[in-house]
Structures are given as structure tokens and as C-alpha cells.
Amino acid sequence: MSTNIRDKAIISFASALVSLSVFAQSTDQNYLMEKTMLDANGINMITSVQYYNGLGYPTVSAVTTGDNGFTSYSLVTYDGLGREACKYVPVSKDNSILYKAPGTIANSYSDNTSYSKTLYDALDRPISVTTPGATFANRPSTIAYSANAANEVICYGVSSSNSLTQNGYYPANSLTKETTTDPDGKKVETFKDLLGNTVMQRTGGSLCTYYVYDNLNLLRFVLPPKYQTDKNLAATCYEYHYDKRGRIIYKKLPGSGSVEYWYDNADRMIFMQDAEMHSVGKYRFYIYDKFNHLVVQGLCSSLPSSTAVFNATLGTSGGLLGTGYSSPSGLGTVELEIANYYDGSQSGNSRFSNLTLPNTSVSQKGLLTGVVTAATNGELLVQAMQYDIKGNVINSKAKDIGGRIVSNTSSYSFTNQLAQSTTTIGVGYGGNMTVTESIGYNNHNNQKASNAITVNHGTAKSATTTYTHDNLGRLSNVARPTSSSTNRDVSYTYDLRSWLTGITTSTFIEELFYTNGPGTAYYNGNISSIRWKDNSQSAKRGYKFTYDTANRLTSGAYGEGDALGSNTGRYSESMSYDANGNITSLTRYGKGTLMDNLTISYTGNQPTSVSESASDNNTSGSFEYKKANGSGYIFNANGALVADKSRGIAYITYDFNNNPKQIYFTNGSVTKYVYSASGQKLRAVHYTAKPNFSRTWGEKPAELTVAQILLADSTDYLLGGSLTMKNGKVNKYLFEGGYAQASVANSTTDNFAFYYYNQDHLGNIREVVNASGSVQQVTNYYPFGAPYADIPAATNPDFQPYKYNGKELDKMHGLNTYDYGARQHDPILARWDRIDPLCEKYYSVSPYVYCMNNPVRFIDPDGREVKQPKGGKSFKTIGILGMAGGTLMVIAGTSYSIVTYGTGTLAGGGQLISAGYATFNAGLATYGVGVALDAHESIKKPDSIKPSDISQKAHTPKKQSTGSKNKTEGRHMHGQTHGGGPKPNFKPQNNKRKKADEHRNKGKVIN
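Taken in order, the sequence shown gives residues -24 to -1, 1 to 983; the numbers are from mature numbering (1 follows the signal peptide of the UniProt record, and there is no 0).
These aren't lab readings, by the way, just hints derived from the structure by calculation. All C-beta atoms, glycine included, are put in the ideal place defined by N, C-alpha and C. Fair warning: there could be bad hints in the mix.
Said to hold, decoys possible - List of simulated lysine-lysine pairs, DSSO-like, C-alpha gap at most 30 Å:
(1) K63 / K76
(2) K621 / K207
(3) K843 / K163
(4) K207 / K63
(5) K168 / K959
What the hints assert, rightly or not - Label-pair distances were calculated between CB atoms; the ranges are:
(6) T80 / K163: 35 to 45 Å
(7) V256 / L356: 55 to 65 Å
(8) I19 / D774: 32 to 42 Å
(9) D55 / T584: 24 to 34 Å
(10) E679 / S337: 48 to 58 Å
(11) K567 / E679: 52 to 62 Å
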């Protein structure tokens, strides 16, 4: 019998409420108290209370954040006009949730200015905001409001033939101007027209990005700063065309050919073609069912003229390319990329015959339950999934690369977090390999408390890591299960603003400085200097950093000792940029010797030549520009690197998702890759050619013959990259903070040894330690990621390949790049090899720029999006079900929160406008999400405290869908990623059960 929650009758919310005793938190303060249950019996919970003043403004807030149940208090004060004036950073007092007077909270800090202060003009616009802390009190960020001057902003337009026009300048005072100045005096000026469109943004006083609109107010051109000097529209600018319904049909990115889109009469994108597809006469097609699910994606050779709505139907056999789905006519020659199955409908397809899942009484209606994904080597990857009533994947079975069968069973906590995952995989020799991961959560704040890993391929080996958070909920300690106290603990320290200031282990220490320390003080969040000490050196080492007016790193000055004043310059790196952020000059020292002194020339954003005035160092292990190889670069029509003389790369071929297929080297060697159609790397094979073999640079070569191959080395990436196999044998299982290394026990089993990472604030792996805490590898880095070549041989620089940002470094055949997933990073020239798939989020910089040219402050987890290296967790829940007798129930999955009104009058009250569904299981009420309507803005739930969560994850492998929540793989329109620019229209799926419209592709690839 189906237990679909939608089939349950709606019952009265008031009768569904469990009787609860609620104790008042204050008898003279208005408040809203929320209790988020962490277990089915309501024994453990997170309690938060928002107190309000007599006008309904939020003032004091309190929430359980510490591992020990301690509470964080924060405070907001207002000026005489009711505007937010001061916002205090959280402070922990005790484990009480009771009201504390604002004065008591304000006096709890060691710093008397532990708040950000906002000042306003007469129009209530903010004009000054300070950062918490006495050091920042006299260094506010300011905002000035004015209008443009004559001859200040160029007036660009669009002609009737869709070309860019320049029509003098905007008249004086015709645009609003907003000038934001950060605490270090660096300015961003934004000009907007009367419709509120941003017309121009100027950074650093001279870097101007223009946005050009047509008469329909549609964005047509974006002109990055370099266009103002080069005037090369094709090489530097963005261009968009639309049809009469406002749908984007043409897009051109800087340095690449055009991308075109076609739609059906239901506004669903049904075809697209990029420049590389155009060159070989291919299109990517998308076929939907009547529920607007994407069911088949692939490549075709013809473009039908009809835009009629076609809804595919699923048969028991045959169909398009064996998927069982019907297809429109006129596609020509077709190739399958992805086929998706919903509602358990894959059971009739023979490709799933060996992937049977357990019977379930939970309805799978509307859920993605099967996926067939093509790989570039011709294999089909097949996966079946099964969900619980909350939409979590609880069982899955898949056929991975090489035909290996992967099975997974997962369970979840009361709060809907992964609690245990067991995966078995047929590795091809002996029995199945099994990996079990068990995660425990703290009873007070629901933060991760432990992670136990067991790997077994003949002999089981286990390790449990524990996590401790401070009273504000910030990660303070990670304890690894080393056999001695050496390198057991990793501890973290923070400043008043919760900015990370230090990481400490037994053998590796890192210190971060912002406004103090040996370098120039910065007040806008840029890191002034870093200092570290590792197991290979007795002295402290570090960098002093400088930045330009656009916050781009201009130098990392190396030094040693507390003041970094000794042995200066030995590993320094400095650079300068063009208007788009492309590096035009770069110097790099190795052991005090000038190793690189590069001058780089560009067409648009793509390098054309490099001049090197330093001699080749040729030190073993050094990363440097190889002058002897010459200079030259070729890019394809999609803007991806095809050939690079300096690294001896003769030619690179790509699949239709812009992932490399073959890299041919001038010495004859070849690296071949296998990727799935969803963009996941599955295999890399390195072929080493016999001596005295060469290739012509820039020409697509013939394949190596068997007689020409000296060596072949293969790596398979399984479980989304978490498990690697080398030449058919299990190699590593990667987990958060380390890995389990396999060693052959006999012909059918493996033994495992655990290793752990000591990482810096960017996730760079500085040391690898074994289970006894002994250091096995030490690696230090230049600011843009090139590893030093000074490490003693005893510390094994090649011990394991995961290094900068925790990414795999591929040095084979001189490639020397880090694989981030979507792109590969070249640390020698400090740039990417391909255009950013989300480059439209960063219009003002080159799509090849690494981390906005601020690699000390930012990371790019997968090659697509720049982020801060630390994240945060929120205690927010989702939605409000309703109100009855002064009590609200807030739902987050199947866990629920009780929200209670305190004494006093809360302005606006609240109206129940949606009840919800209810079902009972062993006395536990589970409710769907409704909506509460507030009549007064002041009742809105304030932002909760976001404790820091410094990740220990190094390699960021993409987990197999097994054990994932709300599985969406296969639904996306792969190959079409978009940033802040106009997006093709993707019709939302009709999936009420999982709110699938929230997971629909809006320009973001989901793997």
C-alpha cells in the first residue's frame, strides 16, 4: 500500500498539535521562541529566541550554538528614527536562553566597539558602515550618492542591425552615481539609468565595465574594461540576441564563437549549438515528457523546422537509441548523452535488468529513479535510485565505468542529515569492496560531531574523526585517530569578527594577519601576511602581500622569522595585470634565484606569446616556464586551450562538454581521458612514447601504435572521484581530511593504511601524516599554487598527488596542472585553460582569471565559481505551517520546531493561510510546509547566527549519487551553464513532491 503523504487527508492543525509545556523567557519583553527538535522524542533541541522592543523591532537574539549547549547572544540597536544603528557580533555568555539586557550584552566584549555601525543621510540611505572592532572604528566603508558628470560615461547603444553603437556621452545628471569606498580607500562607482539598469561600473578609478541595453530593456552587450583600450568586440565582449518573446537565441562570450538556442511553443529549450558543434554540424537536443521532465538529451545532425510541442512517451522497449522513449522526427543521426526515468519507469528497460532495488511501499511518483549516461569511450553508465518519504535516496545501484556494479544503502537522522552510508563495489578481483561512513551530530547544535570510516576489501580497517565547536558554533578542533598524540589534533582560532587567524597541529602551524603582523595592514578583508612553520624547517616562513586598487594580488614577498625579515625574496612572486585582469608580467624566485621573469602578450584574454628573460632553472621538481620550448598558444572555437609550446603540448581534443579527451605532447606521449556526459571524470590513461618520437606542434596527430608505446598507466575515478584504482587495483579511498591507502595483501584482498592532511586556510595540503602522526610529505606553495622545489627528499614530494586547494596535480609528461573538475589550473602562468562556465557572473574580469586574482583570500572549489574558503551553517528552518493558540510549528523536513509567542503584544500577529498535510507514525507528527502571512514587516524572522564551518575536505570529489539527498542528477541541460547573464528558458518541472522547480537547471550544472 502506498504511503504517499499527498494521499493523506488534511486534518485540523489545532487537533494535530502535540501538547507542549512552554516556559516564558521573559515577563516584560516581546519575544518569538523557536525550538528545533533534533530527535523524535524532543529531548534534544536547538532553542532560539528573538526579543523585540515596544515598536516591534528585533533587539536581542539568543540561540543555542555551542557543543556544550551554550547560547550565543547578539544585539541590534537603533537610532532616533528607528533605523538600525549598531549590530553587535555574537557573544556567548552561558547555557541560558533567558533575556539579557542590551547593556549586559554590550559590556560582555573585551573590545568596546564589537559592533558594526551604520550612519544614514536624510533620505535614510546608508552612507557609512564600520566593521566590528576598535581597529576598524575609524575606517568605515562609505557610500556617496551623486550623479554623473558630463563626458564621464560613454553612451553605447544597439542599432537596428544588432550592432554596437557609440553615441557620445550621457548628459550630465542623467544617471545616478553611487560610490562605495572600502576601509582601504578602494572605490567602486556604479552608474544607473532611470529604469534602474546598471549602465557602467568603475573599479579602481579606471576599470570600466559597460552594460548596453536595447529599446526593450534587454541586455545586449557587456563591454569589460579591456574593450575601452582594445576595441576588439569579438575578443573581449559579451553579446546577446533575443527572439520576439524575449528568449535568448544567440550568445557570444569573449574569445569564443557563438552559442545558439531554439525553443518549442511551450518555451522549452529543445536545441542548442555552440561553436565547436557548429564546426562539425552537430546540435544538442532535449526531449521532454508531458510533465516537462527532461527525459532524453543527446546530439543530432539535423535541426527540425517545427517548434510544435512534442511530449515523449515511454514504451517497454526500443524507442530512441534504446531508451524506450519516443522522439520527434527530423533529428538525423543521433547520439545518446543522458536518459532520465521517473516514477520507477526504468524497470521495463533492459539496461536496468541487473540493477534491481528492494521493494518499497513509498511512492516514487515525480522522482528521478533511473539515469543512463553515456561516456566518451562508448560505455553507458546506468543507475537506479530509490527514495524515502522525505525525498532522500536510501537505496541505489549503478553500473559504473568498466561494468563495475556499485550498490549503496543510506539512512538519515531525524533532522534529515546523512547518518550512515554503506557502499559496495565490485572492483574486479576478489570479493566486493565495502565502504561504510557513519556520521554523528551534536545533541545541542546539530553540528557534525564524528565521522567514522570503515574500508574493507578482505580486511576491514576503521578510523573515527571527531569535531569540536566552540561556544559560538565555530569549528575549534578536529581530532584524528592517530596512535600517538603527535598530529592528533587540528585546532582553529578566530578574531572578534570570526575571521580565521590560526591553524595549529603538532608539526604545522599557520598564522593569518589582516590589520596586524609583519605586512602592510588591510582593513577590507584582504590578508596582509601569513606565517607558517612545517616539519621540514626550523624557522617560521611566510609572505607579505600587496594589492592594487582592484584588490588584485600584486606581490607575495617571501621572508623568514617572526618579522619575515630574514632570507627575503627566496620564494617571492609578483605580477601585474591588464584591464581585464590577465597577467601581463610575472616574476618568480626559487631559492633566491630569479626563476621566471615573464612578459605575456594577449589577443583579448588569450595569450599569444610569452617572453622569458630568466634562464631555465631545471631544478628537480621546480615549476617554471620552459623557455627552451618556445612560446605559442592555440585556442579552439569554444575558447579552450588546444596547444602550448612551453609545456610541449602539441594538441588537445575535447568532447562536446568542453572536457579534454586527448592531450598529445610533442615528445610523442599522450594522455587520454574518459568523461561522462554529465561532466564527471571517469578515467585517465597516460601513455609514454618510446624515445626519439616527436609530433608537430599545433596539428592533430595520429594515434600511437602499440609498438610506439613504452609505458601505459591508468587511473579510474569511481564513486564520484572518492575511490581511485590504478591499473586495475584499488589505490585510494578519499574522505574528508585524508585518505585510506590500499596495499596488495594477496591476489584477492587489500590492506589499508589511513593518512591525514594538515591543511592551511585555503585547503592546501601542507603535510600528510600517517596513522601514528609521523609526517610523510611536506609541500609549500607560491601564492598562485606552484609548489616549491626545496623540500628534502625524505618528505616525498611525490608521495601523493593532492596538493594546492586539495586538488590533484598532474605532472605527467610536463602537463603540470591542477584538476578542479570543470577546468584545469596552470600555476605557472596562474590562469585557467578554459573559459569559466559561469563567466557571466564575473563580467569585469577575464574568463581565464584564477580566483579574481586574489588567490590568498578566495578559492574556486570546482573551477566554476569563486568562494570564500570557509562556509557557514544556518539554524534556519523552512516555512511556517500555521498558528493555533499562540503556537507556530515550523517544519524542516520531518523535524519540526515549536515557535512560541512571549508576553506582550507582537505587532502584526500572523494569519494562517495554509494548513498542510499530516500523518502519524508511532505518535510522531509529520507536517507539510504551509505559509504564514505576516501583516507587519517587523515580524519577519531575523537572520540566525551563522557559525563558521572550516572544511577539512581536500579533494572535493563528487560523491556517487548513492546516499545523496533529493537526487537531481540527469535533469540538467548539460553543457549550458550561465552566470549573471541572460539565460535560456528552461521550463520548470511539475514535481510538487520534491519542489523540483527549486532544483531545475537555472544555468548551474548539477553533477
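Cross-check of the supplied hints:
The suggested pairing of K63 with K76 holds, with an alpha-carbon distance near 16 Å, which does not exceed 30 Å. Distance hint between K621 and K207 is fulfilled; the C-alpha atoms sit about 28 Å from each other, no more than 30 Å. Straight-line distance between C-alpha atoms of K843 and K163 comes to about 21 Å, which keeps the hinted pair within the 30 Å bound. Proposed proximity of K207 and K63 is contradicted: the alpha carbons are some 46 Å apart, above 30 Å.
As the CA atoms of K168 and K959 are separated by approximately 22 Å, the hinted pair is consistent with the 30 Å bound. About 40 Å separates the C-beta atoms of T80 and K163, a value consistent with the hinted range of 35 to 45 Å. Restraint check, V256 to L356: a C-beta distance of roughly 22 Å breaks the suggested window 55 to 65 Å. Distance hint check: the CB atoms of I19 and D774 are about 51 Å apart, inconsistent with the given range 32 to 42 Å.
The beta-carbon spacing between D55 and T584, approximately 57 Å, falls outside the hinted interval of 24 to 34 Å. Checked against the hint of 48 to 58 Å, the C-beta distance between E679 and S337 comes to roughly 53 Å, which is consistent with it. For the pair K567 and E679, the beta carbons lie near 41 Å from each other, so the given range of 52 to 62 Å is not met.
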